[in-house]
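Visitor: Using the sequences plus the hints, can you model the full thing?
So the protein sequences, as listed, match chains X and E. Here the first sequence stands for residues 0 to 446, numbered as in numbering that gives the first Met the number 0. Here the second sequence stands for residues 0 to 446, numbered as in numbering that gives the first Met the number 0.
Hint data in this document are derived by calculation from the structure and do not stem from the laboratory. None of these values were measured; they are calculated from a predicted model. Heads up, none of these hints are tricks.
Note that the list lumps identical chains together, so a pair holds whenever it fits in one copy or between two copies.
Okay, derived cross-link-like pairs now, DSS-like style, lysine-lysine, Cα gap no bigger than 27 angstroms in a straight line: (1) Lys436 <-> Lys136; (2) Lys205 <-> Lys46; (3) Lys231 <-> Lys191; (4) Lys430 <-> Lys130; (5) Lys192 <-> Lys81; (6) Lys339 <-> Lys196; (7) Lys38 <-> Lys196; (8) Lys196 <-> Lys81; (9) Lys196 <-> Lys335; (10) Lys81 <-> Lys191; (11) Lys130 <-> Lys436; (12) Lys81 <-> Lys205; (13) Lys430 <-> Lys46; (14) Lys46 <-> Lys192; (15) Lys358 <-> Lys231; (16) Lys46 <-> Lys196; (17) Lys196 <-> Lys15; (18) Lys81 <-> Lys339.
There are 2 protein chains.
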Amino acid sequence: MEPIRQLALNIPATTKPRVVIVGAGFGGLNTAQSLPDEKFQVVLFDKHNYHTFQPLLYQVASAALQADAIAGPLRSLFHNRKDFHFRMLRVLSVEPGMKVVNTTAGPLEYDYLIISSGAKTNYFGNENMQKYALPLKTIPNALNFRSQLMQLFEWASLNANPDIEDHLLNIVLVGGGPTGVEMAGALSELRKKVLPKDYPRLDFSKMNIYLLEGLDRLLPPMSAKASARAKKDLEKMGVIIKLGAMVQDYDGETVTLKDGEQIKTYIVIWSAGVTGELTPGIPPEWAERGRLLTDTHCKVIGSNGIFAIGDVALMKTEDYPKGHPGVAQPAIQMGKYIGKNLDAIHNGRTVKPFKYFDKGSLATIGRGKAVADLPGNIFFGGRLAWFIWLFVHVQFLVSFRNKLLVLANWTWNLFTFDKGNRLIIRPYIRKGDERAKAVFAENEVGS
Amino acid sequence: MEPIRQLALNIPATTKPRVVIVGAGFGGLNTAQSLPDEKFQVVLFDKHNYHTFQPLLYQVASAALQADAIAGPLRSLFHNRKDFHFRMLRVLSVEPGMKVVNTTAGPLEYDYLIISSGAKTNYFGNENMQKYALPLKTIPNALNFRSQLMQLFEWASLNANPDIEDHLLNIVLVGGGPTGVEMAGALSELRKKVLPKDYPRLDFSKMNIYLLEGLDRLLPPMSAKASARAKKDLEKMGVIIKLGAMVQDYDGETVTLKDGEQIKTYIVIWSAGVTGELTPGIPPEWAERGRLLTDTHCKVIGSNGIFAIGDVALMKTEDYPKGHPGVAQPAIQMGKYIGKNLDAIHNGRTVKPFKYFDKGSLATIGRGKAVADLPGNIFFGGRLAWFIWLFVHVQFLVSFRNKLLVLANWTWNLFTFDKGNRLIIRPYIRKGDERAKAVFAENEVGS
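Guide: Below you can see the structure in the form of structure tokens.
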């Protein structure tokens, strides 16, 4: 087996145990950063050469931040490491028996495999939705939405027919979780403060923002107080909220709900569900609905040397019988847990099980408006919650440079209410969008 | 004709003369900003909803600036105007006899038509070059180059075969004008200061940066002193400069020069020529090699109410018998000239002919290195020229917000030598690039 270990992917031979990490989200990044450089060779795989700060994706989508501000260049983050190796590639399969992971650039042996591949959008088999709705999981997703949104306002301003204009300005957000709530708030502020200056001849009273949630309240993982406050604040901002609303179909122009109601719209964001991203080669009995079942030490049950963390992991505990919430904190904490304990596990020492420390949940609604559930059933709404949100997010941004950029942008937005990133850098051309095809050059298009 | 005037493109009816401006580059933008709001209805057309600050495109391409920093949102720039109308569309043709311009969104009548559509890349009929080389005229062009460049380093780090690595790291810049010179300098600094930290296992002594120029000196429009200094500085930075080098072909892997020399490279920037972008419907006798012949009042000779400014215009004067240089200043000055004088022209008053005020030429080579030709045959090189360059470019950035962003980025770069924008936000997939196709998701791709 030595030759593979030496040559594959141009990773140097080593006598240290090799840890291969799949995915540079919050889980993978924190694992890599916590593993001791001198004890392990660390190999990190991702399809992108940057870490995406997902909690702020909605700000890129709503033109408050530029894309580069929420992307942390992976190689820069590890300049101080000696035996760390990032490789940009896609993982094709795992051979757990051989302890080999197969990639688009060839196979690589591992001693420990950390699967932190996150979650992908779940359309629950709705093909039309997958074809026409926009997901919001990656930076290109967010840029596609930003382009599509700005294109619609541009098309609307070309149009002298008021009936068509109504149709053009509607936006439907499916899923009342943090993404849906934060997008609804951001779009509502765009509509009130920013867009009327850009498009003085458009009637923004005809721009309806719909937020659809299948359950009976917004922000289901948060407290009932937070749900109620978010609903109240959003409704005050003019968002049309429909609870218990099940989406049946979307043909690119009309969303049809299960109860027969129809909403005309050219733009739908789908954030109503995620599913784990399971790698081929993993025995199906190791997983449940796409998520890898782990013991309380993050080890995939039944495996030899494979760990799963973050959204792709399903660790059933007494406190979290259905697994941990699919947000950044559990992924970060699991990553740190594995990174700090792997040496002890490698040497057969006893390690305490993983314990999730719930720091609380936050969702921002608008300028000076947020909801915060803090530990001990403490709830904050309004301005105080917003300052907590601001502080936490600036703290978490992965590098000083990004903090600086984000702060500069936010300060500007705060004082001017102008969001300067309303740029269609790469137009988005949806299937059959002949108008966009006629205007834009092929080599400048986003998707 | 009234119905067209009223309904077309949703532009309000008016009793004022309507000025239609095609293209929001330096010429079009300055025309629109200089025209008096109360005297004219101003309609501005562009395919993008932003103005591109072209002199800094090479900084986006070389990962020193994020895209949004050099894009000025067109609608924001005209918030204070009452009878200004931006429309995002493509102009299809002009009917000079009818005074109508046809667009992807329908026809529009004009009283005055300002053509400021700029120049496009001229491949001189070389189809292979058009297929494989990257142009550098738009922000998506620059982002495509940035992605392609970073992808090549990622592929090279997967590769254990040193022969292939040589090939992968070469870069060829065709054209020794400002774009070629500034890119060569920026890439050379990336190679020396930034990339070795990101890719500690790559041998950057094998990364050759070639700068090819067909004439016998770099920066042909500048002084001989500037040409010599740029050559000396770039060669000291390790750029391989070939003067009198005519490119014959590029098959995607090998550049072949007319003298038979071959250079292996996966990445070629073509900035060796431009040509005017002539709109269909313009009588061919009005133009010379794609550029519209104008009198000394910027009026297209033979036309009724059509003006041409900037790169698309060819005004032959005693001082500039071949027309003005294809840089920002003539376009800016012509735009201001038309904007300020159109009311007088409209009222039949006598107007002084346009006179180009040459403020000098600048090109930056690297940190603390630039060349500057100032009026009166004054030449500066080195640090002083660089400070002039810095001052001029910050001054010219179209809005305060962008100035702030660019300054924040530059300050960061200056102190850290780290360029934080080395992100492959949207991968670039060149024809036949199977490796990239295997790794990247289709809906995230740039082109």
